[in-house]
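*Asks:* Keeping the supplied structure of chain A fixed, place chain B upon it in accordance with the hints.
If you want the building blocks of each chain, they are given just below.
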Amino acid sequence: MPGAPESLDPIELGDAELIERAAGGDARALEVLYDRYSRVVYSFGLRIVGDQQLAEELLQEVFFRAWQQGGSFSAAKGTFLTWLLSITHNMAIDEVRKRRRRPQKSDSDDPDAVLAGVPDTGTSVEDEVWLGSLRETIGRALERLPWAQRQAIELAYFRGLTQREIAEELGEPLGTIKTRMRLGMQKLRDYLEGNEVGQT
Amino acid sequence: MIDFPAPDRGGPAGHVEDQAAAFALGALEPDEAAAVERHAAGCPRCARAIESARRTTAVLPFLAPPVSPAPDVKAALFARIAQSQASAPPATVVTPAWAAPPAPVRTPTLPASGPWVSSVDGSNRSASSAPTSRGGRARFGRVSAASTAAALLMVVGLVGAWSLGLNDRDEPASYEETLGAILGSAGTRHLEVNEHVEGPVRVSNLDVSVDTGADPRVGGRAVAQVTLADEPTPGAAYYIWPLRADGTAGDGALLKVNEAGFGTALIPLVGSPDQYTSACVGYLKQDPAVVCRPSASGD
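Those protein sequence lines, which keep their order, are chains A and B.
Our numbering puts the first residue of the first sequence at 2, with every later residue one more than the last.
Our numbering puts the first residue of the second sequence at 1102, with every later residue one more than the last.
Some hints here could point you the wrong way.
Once the Cα atoms are required to be at most 20 Å apart in a straight line, the calculated EDC-like pairs of lysine to aspartate or glutamate come out as [claimed, not checked]:
no.	chain 1	residue 1	chain 2	residue 2
1	A	K99	A	E169
2	A	K99	A	E144
3	A	K99	A	E18
4	A	K99	A	E170
5	A	K78	A	D16
6	A	K99	A	E137
7	A	K78	B	E1152
8	A	K78	A	E194
9	A	K78	B	D1132
10	A	K188	A	E144
11	A	K99	B	D1388
12	A	K99	B	D1132
13	A	K188	B	D1132
14	A	K99	A	E155
15	A	K99	B	E1130
16	A	K78	A	E18
Think of the hints as simulated: they come from the structure by calculation, not from any bench.
The following block holds chain A by itself, in its conformation from the complex:
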């Protein structure tokens, strides 16, 4: 929303306008974005890295990078949230891969176990409804996939394994993994498109 009055409360502004302002040095604009999306970013990061402390570092780094590189965001290429979650995914997977190369303590290896022990606070009813509905739709879509296809997608996206690594871990031929991944993604997309989900 270029040209919005300077006096307009940043809370009223759209994401694209806010990140543009943040890129220009307006920390208050970034703060509004943080308040909007820190929970989504943190939850996603925690799901991948499986460690609260690391997830908090990741959250900070994602927003710091957004602060530094906000000028490279282009609304024509997608939403701000998609861009932000893409940064989160890249950073989180980099971290997971680094840790895999340097094995550490195994007490935080199970993200679901970690998440189960984390209390949630500070949610708004509006956010909860929106996120809950979206999560339910995506969860249903994944549940419809054959287990092997779902597993291939989750191992790649949430654990950062390549097709080759998945094949090695599961003891399956590489071609089988490629097929599972491709078919699973195709079915997932078809279901989500049928439910008008697919753009965040």
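*Replies:* For chain B alone, coordinates are given in the frame of chain A:
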């Protein structure tokens, strides 16, 4: 609708549509991903397949169960931003620590030379203008009026650089509000580092203000202002842990330092703040139980 064709039944030779799903999931080897990217840059058909797959993966983050981060993450982020604003415009801010190569892991040994060496045995306590600590492990102690004033001035400078309109909001306290609350609170005790010895990062000065007012979530908070003894390692992710009297560490916090080696951190203190008597500075991901051991010489 764009399909993800089977590998052996794909389009004309050279197309990479069959790899679009794996590409969007990040499941290709680096060389494979680079080849796909190169091809798609000049092939609208494959670019569309990749974009379609990306739209699908874009919803996967929402599968994660919702969890709220601790409030101090926000405070630490905006403290870091305030520092970056004070030292450089956003476009020229230093590389984020997360994106940089891992910080070197240093063993807690002392350097062979330097002003701190003379006090390895505990003697030669130096003035606040000189290095007062030879290592990253530092003790809290009584602060002088002068150093309190200096610390306040630094905070005022930091806060002044962050010119935000933060009134009239029903939101969590900002970093400047938190600092103001801690430093201006009647329950605050101002402490500063005496010195000490071990730790992966050598510190020349450390002022800590502890908020003894109980916070329902974390029990208390401390603002640490640290000056490193050495030039900061570019891209290093420094961390500071509060230490209890028995040497065990509490939850740490990211310590972002500027080019001059000065940094601040807002440290959550779990339990009574009174139990924390010292601090240790190291690197993110290091285990304080390993790197912040008390000096063998006894401290």
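*Asks:* Now look at each hint and say whether the structure bears it out.
*Replies:* Verification of the supplied hints:
1. Only pairs whose Cα atoms come within 20 Å are accepted, and A:K99 paired with A:E169 is accepted, the gap being roughly 19 Å.
2. For the hint pairing A:K99 with A:E144, the CA-to-CA distance comes to about 30 Å; that exceeds 20 Å, so the pair is violated.
3. Proposed proximity of A:K99 and A:E18 is contradicted: the alpha carbons are some 35 Å apart, above 20 Å.
4. With a C-alpha separation of about 18 Å, the suggested pairing of A:K99 with A:E170 holds against the 20 Å cut-off.
5. Proposed proximity of A:K78 and A:D16 is supported: the alpha carbons are some 14 Å apart, at most 20 Å.
6. For the given pair, A:K99 sits about 32 Å from A:E137 by alpha-carbon distance, which is inconsistent with the 20 Å threshold.
7. In summary, the hint linking A:K78 to B:E1152 is supported, as the alpha carbons are separated by about 10 Å, within the 20 Å threshold.
8. For the hint pairing A:K78 with A:E194, the CA-to-CA distance comes to about 19 Å; that is within 20 Å, so the pair holds.
9. The straight-line distance between the Cα atoms of A:K78 and B:D1132 is roughly 25 Å, outside the 20 Å bound, and the hint therefore fails.
10. Under the criterion of a C-alpha separation no larger than 20 Å, the hint pairing A:K188 with A:E144 is consistent with the structure, at around 11 Å.
11. The hinted pair formed by A:K99 and B:D1388 meets the criterion: a straight-line CA distance of about 17 Å does not exceed 20 Å.
12. Distance hint between A:K99 and B:D1132 is fulfilled; the C-alpha atoms sit about 18 Å from each other, no more than 20 Å.
13. Of the supplied pair hints, the one linking A:K188 and B:D1132 is violated, its CA atoms being roughly 27 Å apart against a limit of 20 Å.
14. Restraint check: the Cα-Cα separation between A:K99 and A:E155 comes to about 19 Å, which is no more than 20 Å; the hinted pair holds.
15. For the hint linking A:K99 to B:E1130, the alpha-carbon distance of about 15 Å falls within 20 Å, and the restraint holds.
16. With a C-alpha separation of about 15 Å, the suggested pairing of A:K78 with A:E18 holds against the 20 Å cut-off.
The structure shown violates the earlier hints numbered 2, 3, 6, 9, 13.
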